[in-house]
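*Asks:* The residues making up each chain are set out below.
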Amino acid sequence: MQTPDFKGTHLFDRLCWAKENLEGHQSDYRVVYEDSIDECAKILVPDPNWMACALQGGILPPVWVYHELAKDEAEEGFKKHTRGYLLHTTEPVGAMTEEEAIEYLIMKDVPQTVWTDWNSGNKPKMVICRKEQLPSTREWRNAWKIADDITATDIAA
Amino acid sequence: MAGKIIADTLEHSTAGSVTTDYVVNGSAKAWHNAASDGASVNDSFNMSSYTDSATGIGVHNFTSALGNANYATMTKLLMDTAATNSHRTIYTAVQSTSSYTEESYYLNSSAALVAEDRQRLSVAHGDLA
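For the record, the sequence lines run as chains F and B. Counting from 19, one number per residue, gives the positions in the first sequence under my numbering. Counting from 2, one number per residue, gives the positions in the second sequence under my numbering.
Hints were generated in silico from the structure; no laboratory data involved. Possibly wrong hints are sitting among the right ones.
List of simulated lysine-lysine pairs, DSS-like, C-alpha gap at most 25 Å [as the list claims (entries may be wrong)]:
#1 B:K30 / F:K37
#2 B:K30 / F:K89
#3 B:K5 / B:K30
#4 B:K5 / F:K25
#5 F:K141 / F:K163
#6 F:K25 / F:K89
#7 B:K77 / B:K30
#8 F:K98 / B:K30
#9 F:K37 / F:K25
#10 F:K97 / B:K30
#11 F:K143 / F:K163
#12 F:K37 / B:K77
#13 B:K5 / F:K37
#14 B:K30 / F:K25
#15 F:K149 / F:K163
#16 F:K143 / F:K89
Derived Cβ-Cβ restraints for the label pairs, each shown as a range [unchecked claim]:
#17 B:V124 / F:D31: 32 to 38 Å
#18 B:S110 / F:D46: 36 to 42 Å
#19 B:V19 / F:K37: 21 to 27 Å
#20 B:K5 / F:T134: 39 to 45 Å
Note that CB positions come from ideal geometry on N, CA and C, so glycine has one too.
With the hints as constraints, model all of the structure from the sequences given.
*Replies:* And the structure:
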């Protein structure tokens, strides 16, 4: 199905179109990351309807738009967004592969301190894996950590 | 876009009228149905991802951000008739324009709150950015 020309269309309206016209896509990818030494590993689960938008193209804004809004919100005294129009008027990005969509999602929903510096310590702070590579039960969930002996080479393999 | 109607008021022949502001402002801006295993999302609208942060703790990330952090969320936990502890609670711990974090617990026999994973049905109402 061809995406309508959504340039200038409110993002919410684009999502309404997508919900009505696209099948959700359950990605098998999960992003495991650690953003605090005192907390267990967190797991980012891609949303199936969002993933359908990413694969379709022409719906989602470029990821830098979210970074601009995050900068605004981090300003002292922030009350409300005054540059929300960036979500709606910036030309939507084209179709992504599932892997590109995961990269985009990492830059959108994982803390920037994790993904800009994911491999600078003794072990990677972030790993992309398959759902079946996660522990099969929730037992000891609050103790889950990225393995100490994992390396960037292991991840690339 | 085809099929577009621009109207400020909807009027019924006998029941009166309502401005479309009611529809725009009163509609939910996002909803989410997250599985209890924390590892999957059943269905949603206006969500980009769900972060399983720990037992009972999850973050809902918006695709189209909210205009401010003063929006309202409502979440219920799916009932499990087989569960032995019937007193449960879920609350929103952190809200930003891009996401909100929720924590769910059950009350054990010592009246202590214990973090628990359970299927979540969540809605957000507010103004879009």
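*Asks:* The structure should be examined with respect to each hint, and the outcome stated for every one.
*Replies:* Status of the hints after comparison with the structure:
1. B:K30 / F:K37: holds (13 Å)
2. B:K30 / F:K89: holds (23 Å)
3. B:K5 / B:K30: holds (20 Å)
4. B:K5 / F:K25: Between K5 (chain B) and K25 (chain F) the Cα gap is close to 16 Å, so the pair holds against 25 Å.
5. F:K141 / F:K163: holds (11 Å)
6. F:K25 / F:K89: Between K25 (chain F) and K89 (chain F) the Cα gap is close to 24 Å, so the pair holds against 25 Å.
7. B:K77 / B:K30: holds (17 Å)
8. F:K98 / B:K30: Judged against 25 Å, a Cα distance of about 16 Å means the pair holds.
9. F:K37 / F:K25: Since the Cα atoms of K37 (chain F) and K25 (chain F) sit roughly 18 Å apart, the hinted pair holds (cutoff 25 Å).
10. F:K97 / B:K30: holds (19 Å)
11. F:K143 / F:K163: holds (10 Å)
12. F:K37 / B:K77: Holds - the C-alpha atoms of K77 (chain B) and K37 (chain F) are around 23 Å apart, at most 25 Å.
13. B:K5 / F:K37: Answer holds: K5 (chain B) to K37 (chain F) is near 17 Å, not above 25 Å.
14. B:K30 / F:K25: It holds: about 21 Å lies between the C-alpha atoms, which stays within 25 Å.
15. F:K149 / F:K163: Holds, at roughly 16 Å.
16. F:K143 / F:K89: holds (23 Å)
17. B:V124 / F:D31: 32 to 38 Å: violated (19 Å)
18. B:S110 / F:D46: 36 to 42 Å: holds (40 Å)
19. B:V19 / F:K37: 21 to 27 Å: holds (24 Å)
20. B:K5 / F:T134: 39 to 45 Å: holds (41 Å)
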